[in-house]
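Turn these sequences into a full structure, and let the hints steer you where they fit.
There are 2 protein chains.
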Amino acid sequence: MEHKPVRDQVRHVRLHGPGPSDVSDSVLEALSSRTIGHLDPDFLRIMDQTQEMLRQVFQTKNRMTIPISGTGSSGMESLVANLVEPGDRVLVVRNGVFGGRIADEISRFGGEAVDINVEWGKTVELDQVKQALSGAGCQGLFLVHAETSTGALQPHMKEIGQLVHEHDALFLADVVTSLGGTEVKVDEWGIDAAYSGTQKCLSVPPGLSPITLNDRAMEKVRSRRTPVESWYFDLTMIEHYWSEGGARKYHHTAPVNMIFALHEGLRLILEEGLDAVFARHKRNAAALQAGLEELGFTYIVGKPEQRLPMLHAVFLPEGAEEGKLRKRLRSECNLEVGGGLGDFAGKAWRVGLMGHSCREEKVHALLRDIRSVLESEPEGSGP
Amino acid sequence: MEHKPVRDQVRHVRLHGPGPSDVSDSVLEALSSRTIGHLDPDFLRIMDQTQEMLRQVFQTKNRMTIPISGTGSSGMESLVANLVEPGDRVLVVRNGVFGGRIADEISRFGGEAVDINVEWGKTVELDQVKQALSGAGCQGLFLVHAETSTGALQPHMKEIGQLVHEHDALFLADVVTSLGGTEVKVDEWGIDAAYSGTQKCLSVPPGLSPITLNDRAMEKVRSRRTPVESWYFDLTMIEHYWSEGGARKYHHTAPVNMIFALHEGLRLILEEGLDAVFARHKRNAAALQAGLEELGFTYIVGKPEQRLPMLHAVFLPEGAEEGKLRKRLRSECNLEVGGGLGDFAGKAWRVGLMGHSCREEKVHALLRDIRSVLESEPEGSGP
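Residue numbers (the working numbering), protein chains in the order written: chain A, 467 to 849; chain B, 467 to 849.
Simulated from the structure, these hints should not be mistaken for laboratory data. Errors might be hidden in some of the hints.
As the list makes no split between identical chains, a pair holds if one copy fits it or if it spans any two.
With a straight-line Cα cutoff of 25 Å, these simulated SDA-like cross-link-like pairs (lysine to any residue) come out [to be verified]:
| no. | residue 1 | residue 2 |
| --- | --- | --- |
| 1 | K769 | Q475 |
| 2 | K470 | K790 |
| 3 | K651 | L629 |
| 4 | K790 | R714 |
| 5 | K527 | L494 |
| 6 | K470 | A753 |
| 7 | K588 | L736 |
| 8 | K790 | A713 |
| 9 | K686 | C799 |
| 10 | K588 | R521 |
| 11 | K793 | E710 |
| 12 | K470 | P507 |
| 13 | K624 | S600 |
| 14 | K651 | T764 |
| 15 | K527 | H830 |
| 16 | K769 | E737 |
| 17 | K793 | L599 |
| 18 | K651 | E705 |
| 19 | K470 | L734 |
| 20 | K686 | G576 |
| 21 | K686 | D570 |
What follows is the structure, given as structure tokens:
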């Protein structure tokens with residue numbers, strides 16, 4: 467059987483789930499630039515510029531700031547594979563799905579994850595961090611800055627960084643959902659290593675995972691007692707391929723076109739300016755929140771200041787049928803929102819306003835469509 | 467400093483190195499289709515069709531036939547991470563760069579690589595395989611079907627498969643460069659697991675690694691004594707995401723647009739027909755060989771029947787300056803060819819005719835450009 471081309475099979479859906487987000491025309495144009503060699507001088511220049519722009523978005527001077535050649539989870543695995551050695555103990559804040567995944571990663575690489583359990587929808591308190599650090603004798607603390615499963619934004623990042631460093635441990639952060647949508651100050655907050663994804667607020671298709679590690683973290687990688695239990699993610703080799711101006715040593719064939727797209731996504735964000743981008747997310751988040759609350763939705767995260775601007779995790783109004791309504795949004799309105807995870811499955815939605823999806827007119831259209839499925843019967847169900 | 471968009475920085479280069487190869491307009495168009503959700507029904511259909519087409523190209527019925535979300539090396543790592551357990555012994559044919567990398571991978575995952583050393587440019591003989599198998603007590607044998615560093619094509623695949631199975635071991639193959647350019651008969655040859663890349667004869671940008679594992683191999687994965695030392699590449703989880711028709715379980719966010727591109731690349735190959743594609747590679751390879759030999763190039767691989775049709779690894783004519791000429795091809799002719807690796811660095815070129823780059827008119831243009839740099843002085847060097 468012959469299949470039709472993608473263009474004849476895929477309809478245009480507005481992306482307001484937990485990612486991917488809408489991709490702009492200019493990023494799609496960059497993505498489809500003619501492929502060139504991964505060692506071509508033109509491509510090496512694009513790599514250099516991509517690193518330089520990633521540093522601006524991460525708000526860091528870290529030399530080791532690169533996109534890993536895989537989706538967001540590959541950035542998580544890169545950090546764990548390189549930074550966790552057999553026998554290492556790492557504190558993990560578990561207040562959603564992704565803390566659990568980090569703990570799984572740590573144990574696969576021979577480390578021990580020591581949980582700091584926090585109710586889903588809440589964030590970790592400084593006292594809890596202090597207590598956990600004093601008890602454990604750990605090499606690091608991992609937390610998720612913006613929990614995509616609950617919509618919670620972790621406050622006190624700088625203070626947590628200080629506490630972690632007082633105990634001579636590494637501060638490791640998942641900034642997958644926050645990067646490019648709200649402040650992520652890697653250097654100022656004392657984050658030693660962080661990873662992100664391209665398909666959230668950077669509004670680039672999924673496929674790359676930007677990471678950043680400071681010298682302290684890279685020192686731990688370079689002084690490992692055992693080789694990294696991964697060739698693909700071994701940063702001691704990858705750093706010689708992503709080596710600005712220096713003698714590059716081939717590692718693997720970079721995903722050339724995806725890096726073109728990331729280059730353009732970063733360029734657009736910096737052209738608009740980080741502050742303007744964050745303000746836009748805040749402004750549209752407020753409008754969406756007002757609209758959702760008017761329709762009877764309530765937020766999983768109780769504290770308003772701890773709600774993510776780019777991802778609204780909300781319980782549906784009393785009596786609303788989650789799965790059915792979400793399917794209708796997709797089929798009747800060409801609109802994607804995300805379902806709840808874990809205990810929130812079947813009860814909550816995750817509504818994204820990420821990057822290019824975060825525009826005033828899109829908020830209006832989104833609210834209009836949600837209202838329409840809430841207040842009407844399914845198409846074709848009439849008499 | 468603001469950077470210019472990719473389109474203003476990257477010139478069009480014809481790709482005749484060891485990959486990436488030229489990407490057709492229709493694959494670039496599919497690549498830049500509007501991104502949709504990784505769980506959208508339209509995307510799930512594209513995933514199913516991609517698996518089905520990959521099976522045709524691998525010539526297999528293996529259910530577990532999927533693209534891994536990373537570049538070619540990630541497919542190698544997936545196979546090793548899943549199939550090699552601590553203490554396993556695996557025979558590795560080393561007749562080029564990539565056999566060495568496989569051995570490195572095996573030792574990182576706690577296995578022991580037992581080398582079968584073969585001179586670079588040659589392939590392994592059946593007697594060597596027989597002898598190695600009888601001595602070692604190994605769980606598997608790994609070889610590279612088409613060695614990109616030397617241009618050698620491994621013959622006797624079916625016979626090797628039989629020998630390996632007589633010793634109750636797994637037959638594992640790197641088909642990165644061969645897939646889609648010459649016969650790769652996974653089922654008929656008894657290959658238990660294989661991996662490839664998109665940027666060679668499939669003529670899709672780098673970023674995905676198609677793999678296939680039969681039930682015997684998946685049985686070994688499922689009955690591991692220890693968890694896979696990788697979350698990102700854990701096939702026991704990934705198989706539930708790439709689960710045709712069944713209940714899919716989210717693992718990681720698939721690289722949506724890259725899979726669109728792979729879908730189109732496979733569609734084009736199957737539309738032309740595998741036999742026609744292989745015949746085209748053979749025909750153009752003969753023309754290129756005649757032209758290169760006329761210009762004084764000689765092949766690294768002595769036996770003509772063991773030369774890759776899609777990658778010509780050749781010593782330069784006496785006195786020709788490798789690096790200088792290759793740079794001139796790039797700067798004066800917008801043409802990329804690859805340099806030699808290992809002992810062949812500075813002495814050899816690797817000239818690719820892969821997938822969409824393998825066209826009669828491109829062979830003519832390629833030979834014309836090579837002749838022009840061989841027979842003329844560099845531009846701007848005149849009086």
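Checking K651 and L629: alpha-carbon separation at most 25 Å within a copy, between copies, both or neither? Answer is within: at 17 Å inside a copy they meet the 25 Å cutoff, but 58 Å across does not.
Using 25 Å as the alpha-carbon threshold, which applies to K790 and R714: within, between, both, or neither? between (53 Å within a copy, 18 Å between copies)
Is it within, between, both or neither when you check K470 against A753 at 25 Å Cα-Cα? neither (41 Å within a copy, 34 Å between copies)
Should K588 paired with L736 be assigned to within, between, both, or neither, using CA atoms and 25 Å as the limit? neither (32 Å within a copy, 52 Å between copies)
Please work out whether the CA atoms of K686 and D570 approach to 25 Å or closer within one copy, between two copies, in both situations, or in neither? Both, since 21 Å and 22 Å are each at most 25 Å.
At most 25 Å between CA atoms: does that hold for K470 and K790 within a copy, between copies, both, or neither? neither (29 Å within a copy, 46 Å between copies)
Given a CA cutoff of 25 Å, do K793 and E710 count as a within-copy pair, a between-copy pair, both, or neither? Classified as between: cross-chain Cα gap 20 Å, same-chain 47 Å, threshold 25 Å.
Go through the copies and call it for K686 and G576: within, between, both or neither, with a Cα cutoff of 25 Å. both (16 Å within a copy, 22 Å between copies)
Using 25 Å as the alpha carbon limit, work out where K651 and T764 are close: within a copy, between copies, both or neither. Close neither inside one copy (30 Å) nor across copies (56 Å); limit 25 Å.
Could you place K651 and E705 in one of the four classes (within, between, both, neither) given a Cα distance threshold of 25 Å? This pair counts as within: shortest intra-copy Cα distance 22 Å, inter-copy 37 Å.
Intra/inter-copy verdict for K470 and L734 if alpha-carbon distance must be at most 25 Å: between (33 Å within a copy, 11 Å between copies)
For K624 vs S600, is the C-alpha pair at or below 25 Å within one copy, between two copies, both, or neither? Answer is within: at 18 Å inside a copy they meet the 25 Å cutoff, but 61 Å across does not.
Of the numbered hints listed earlier, those contradicted by the structure are 1, 2, 5, 6, 7, 9, 10, 14, 15, 16 and 17.
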